[in-house]
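As given, the protein sequences belong to chains A and B, one line each in that order.
Here the first sequence is numbered in my numbering, starting from 72 and rising by one per residue.
Here the second sequence is numbered in my numbering, starting from 7 and rising by one per residue.
It should be emphasised that the hints constitute simulated quantities derived from the structure, not laboratory data.
Everything hinted at is true.
In silico SDA-like pairs for lysine to any residue, Cα to Cα no more than 20 Å straight-line:
#	chain 1	residue 1	chain 2	residue 2
1	B	K182	B	Y63
2	A	K394	B	D145
3	B	K112	A	M82
4	B	K112	A	G83
5	A	K120	B	S146
6	A	K120	B	G140
7	B	K151	A	G117
Listed below, chain by chain, are the residues.
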Amino acid sequence: MTRTAEMWINMGPQHPMTHGLWNLRVKVDGETIVDAEPEVGYLHRGIEKICENRTYPQVIPITDRLCYGSSMSWSHLYCRTIEDLMGLEVPERAQYIRVVVLEMQRLASHLMWLAAYAVDLGMMAGFIYSMRDREVFVDLLQNLSGSRLTYNYPRIGGVAHDIPPGWDKEALRACDYTEQRLREYEDLYEGSKIFMMRNEGVGILRRDDAMNLGVTGPPMRASGAKYDLRKDRPYEAYADMDFEVCSRTEGDCFARYRVRMDEMWESCRIIRQAIQNMPKGKWRVVAPRNAPEGTGMARVEDPRGEGMMYAVGDGSDRPYRLKIRSPIFVTVSAAPKFLVGYKIADVVAIMGGLDMCIGENDR
Amino acid sequence: MSKDKPSLGQVMMFRSKDFIEWSDEALAVVLKRSPVGGALDLVLKDFFNWATRNSLYPLHFGIMCCALEMAVASAPRFDAQRMGVIYRSTPRQCDILLVNGPVSKKLKPALRRLYDQMPAPKWVIAMGECAISGGPFYDSYNVVKGVDQFIPVDIYIPGCPARPEALIDAFLKLQKQIKEEKRGLLTGK
Numbered sequence: 072m073t074r075t076a077e078m079w080i081n082m083g084p085q086h087p088m089t090h091g092l093w094n095l096r097v098k099v100d101g102e103t104i105v106d107a108e109p110e111v112g113y114l115h116r117g118i119e120k121i122c123e124n125r126t127y128p129q130v131i132p133i134t135d136r137l138c139y140g141s142s143m144s145w146s147h148l149y150c151r152t153i154e155d156l157m158g159l160e161v162p163e164r165a166q167y168i169r170v171v172v173l174e175m176q177r178l179a180s181h182l183m184w185l186a187a188y189a190v191d192l193g194m195m196a197g198f199i200y201s202m203r204d205r206e207v208f209v210d211l212l213q214n215l216s217g218s219r220l221t222y223n224y225p226r227i228g229g230v231a232h233d234i235p236p237g238w239d240k241e242a243l244r245a246c247d248y249t250e251q252r253l254r255e256y257e258d259l260y261e262g263s264k265i266f267m268m269r270n271e272g273v274g275i276l277r278r279d280d281a282m283n284l285g286v287t288g289p290p291m292r293a294s295g296a297k298y299d300l301r302k303d304r305p306y307e308a309y310a311d312m313d314f315e316v317c318s319r320t321e322g323d324c325f326a327r328y329r330v331r332m333d334e335m336w337e338s339c340r341i342i343r344q345a346i347q348n349m350p351k352g353k354w355r356v357v358a359p360r361n362a363p364e365g366t367g368m369a370r371v372e373d374p375r376g377e378g379m380m381y382a383v384g385d386g387s388d389r390p391y392r393l394k395i396r397s398p399i400f401v402t403v404s405a406a407p408k409f410l411v412g413y414k415i416a417d418v419v420a421i422m423g424g425l426d427m428c429i430g431e432n433d434r
Numbered sequence: 007m008s009k010d011k012p013s014l015g016q017v018m019m020f021r022s023k024d025f026i027e028w029s030d031e032a033l034a035v036v037l038k039r040s041p042v043g044g045a046l047d048l049v050l051k052d053f054f055n056w057a058t059r060n061s062l063y064p065l066h067f068g069i070m071c072c073a074l075e076m077a078v079a080s081a082p083r084f085d086a087q088r089m090g091v092i093y094r095s096t097p098r099q100c101d102i103l104l105v106n107g108p109v110s111k112k113l114k115p116a117l118r119r120l121y122d123q124m125p126a127p128k129w130v131i132a133m134g135e136c137a138i139s140g141g142p143f144y145d146s147y148n149v150v151k152g153v154d155q156f157i158p159v160d161i162y163i164p165g166c167p168a169r170p171e172a173l174i175d176a177f178l179k180l181q182k183q184i185k186e187e188k189r190g191l192l193t194g195k
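With the hints as constraints, model all of the structure from the sequences given.
Here is the structure:
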């Protein structure tokens, strides 16, 4: 390889590749990347510290704004953490409703990613179709909770209210519609030669690297590790659901795309099962105002990886400490492993394929 | 560049700053002072106003939740592009800075720089509670309480997050404002 003068290039904080607010510094030799250095922190709002000044229910809207792509899964994660701290048992109906809304959020989040990824790779048609079909799930969640993005729907000890009448039939219809659309997307994306050329064999992450660096979620499953918290540590009603853990062995951008597409199919399956088997009964238990002294911890499978929260209670009505483990923070820290050795034009495909969400990353 | 005797080579090696100075001195001042400028403006004012307000290019710059609604506004259901709103990725081609999220202390200089890089007729929309006043993060140690502390804001959109319809309404209001300003090529704010 001929070597030229090396130089650092800043991609960010305002760059069409970033999908958020961060800065990727890449060191290039000609067009080849020899080093990469992600710089985050532009969106640090001090959420962990703010939460110490809020009562337990007041934290739920804040955790909604952690990850705006999938706010439901983060407020749900917070509620689970506090339920663990308070020792609450969630009613069975609430568990099923939570499974339905979480999978809808996963579908909406993955469709959002698909739209952004299509724009990154120069496919405007993909953006338009995916955004149109994301609206189906946004509408359903809006009918349920009243808001388009930040739902504020899970509560400590259940969910805010029961599902409205007729909503479950709408949800089943949305699943049918989406499955039909997914088939079209697969033809549209995989039939595009440019899309395949920019994806196959690009940004390979080996299984060992993924495991050692703590990369979770679709990037890890695309590298050959078959690990999904919904299956391996079932929470809510996931133990009763019949679904596959989607994984691939290639570890490249195309494998990550494929894993997300397969997950959307599985999400439709889970929504169907959860709605058909939903038991009757209460959807919420009243949580006490104060939490006891002690700690609570919960892990969930976020659309982007494994999210974790750890809360310390001191007997008052406010959390003493709330620690948030963000999957994207770990994935973006592993950026040099993804990027080194590829061309600078591949940065867009590689980092776009990771589904960055800076809100939870910077907290 | 030396002031007294610029050679052709030096003229060709204009830096952008020199170019702005030169265009200020040679074009704007001359046109504004002479009757030619006034006559030109009289004829072309309405045309320039019409062109400006119907081709508002916001900067493609997402901060937080409202950035998703900004993306949705240009997606099929809401389709802001029929108002001539097209997102551009470089501040040099933009008229509107959409601030759609909380501005942290680390972001503040970068955002100010983006605003400074935009060419002159420019407007700022503060979208959502975070950009207006800090929103749900009002008591955070790292969030600037309102983007209007360091950038002049034209339109505020309330909501957390603001809905895409509200954003489209803001664009329409901005078009109305530009029309009423009656700004032409050389006159205006």
